[in-house]
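Visitor: Chains H and V, in that order, give the protein sequences. In terms of my numbering, the first sequence opens at residue 1 and continues consecutively. In terms of my numbering, the second sequence opens at residue 1 and continues consecutively.
Some hints could be false.
[Said to hold, decoys possible] In silico contact screen, one side only, chain V against chain H (beta carbon under 10 Å); selected entries:
{"no.": "1", "residue": "3"}
{"no.": "2", "residue": "41"}
{"no.": "3", "residue": "48"}
If you're looking for bench data, these hints aren't it; they were derived computationally from the structure. None of these values were measured; they are calculated from a predicted model. We treat Cβ as the ideally placed atom computed from N, Cα and C, and that holds for glycine.
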Amino acid sequence: NAGVTQTPKFRVLKTGQSMTLLCAQDMNHEYMYWYRQDPGMGLRLIHYSVGEGTTAKGEVPDGYNVSRLKKQNFLLGLESAAPSQTSVYFCASGTREYQPQHFGDGTRLSIL
Amino acid sequence: KNEVEQSPQNLTAQEGEFITINCSYSVGISALHWLQQHPGGGIVSLFMLSSGKKKHGRLIATINIQEKHSSLHITASHPRDSAVYICAVRRNTGNQFYFGTGTSLTVIP
Numbered sequence: 001n002a003g004v005t006q007t008p009k010f011r012v013l014k015t016g017q018s019m020t021l022l023c024a025q026d027m028n029h030e031y032m033y034w035y036r037q038d039p040g041m042g043l044r045l046i047h048y049s050v051g052e053g054t055t056a057k058g059e060v061p062d063g064y065n066v067s068r069l070k071k072q073n074f075l076l077g078l079e080s081a082a083p084s085q086t087s088v089y090f091c092a093s094g095t096r097e098y099q100p101q102h103f104g105d106g107t108r109l110s111i112l
Numbered sequence: 001k002n003e004v005e006q007s008p009q010n011l012t013a014q015e016g017e018f019i020t021i022n023c024s025y026s027v028g029i030s031a032l033h034w035l036q037q038h039p040g041g042g043i044v045s046l047f048m049l050s051s052g053k054k055k056h057g058r059l060i061a062t063i064n065i066q067e068k069h070s071s072l073h074i075t076a077s078h079p080r081d082s083a084v085y086i087c088a089v090r091r092n093t094g095n096q097f098y099f100g101t102g103t104s105l106t107v108i109p
């Protein structure tokens with residue numbers, strides 16, 4: 001039972017580098033979400049998708065891009081990483097809009 | 001301004017104790033969620049509530065819509081219950097889902 005799988009689990013980047021975080025779900029969920037978790041703050045929504053080929057901005061979208069070319073995958077990209085993007089990133093999926101139900105294990109990203 | 005407030009922030013209990021974690025929110029909601037985040041980082045959904053009470057094993061979640069308040073209770077606590085418990089709400093107007101900052105629970109053997 002894979003559920004929601006995030007890769008990689010850890011990554012260290014230098015300022016200005018780019019990278020893509022991959023989220024894959026095997027539950028045929030329409031809705032997928034990317035969140036970031038920072039100390040002392042609740043999870044904040046970066047981008048989300050309501051179905052294959054669709055994406056929308058969340059609360060903190062600046063500096064990130066996303067794509068959902070296949071229903072099961074939701075990619076989060078950082079084009080030019082900044083230290084402020086050091087965080088733990090969570091992907092989630094669900095069957096209802098704005099209600100994440102299943103979460104991945106997180107990706108810990110450090111930007112030096 | 002935080003739409004979801006949890007208390008306490010940190011809680012230490014002896015094994016076997018009855019534990020209560022509180023969540024208050026300031027907006028009208030259509031659903032409230034309780035989530036568990038283990039030390040390894042993974043997040044698991046425990047309950048989704050829109051009214052009343054739900055029970056799963058030693059966990060009980062209640063919600064009072066009029067008072068905008070929910071509680072998560074753990075009976076006969078065990079060290080494996082040590083985790084961060086997060087309250088989250090889906091607003092009933094607009095497209096927003098708010099998370100609390102979590103309550104860190106440590107249960108000592």
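Visitor: Determine which of the earlier numbered hints do not hold for this structure and return their numbers in increasing order.
Guide: Of the numbered hints given earlier, the structure breaks none, since each of them holds.
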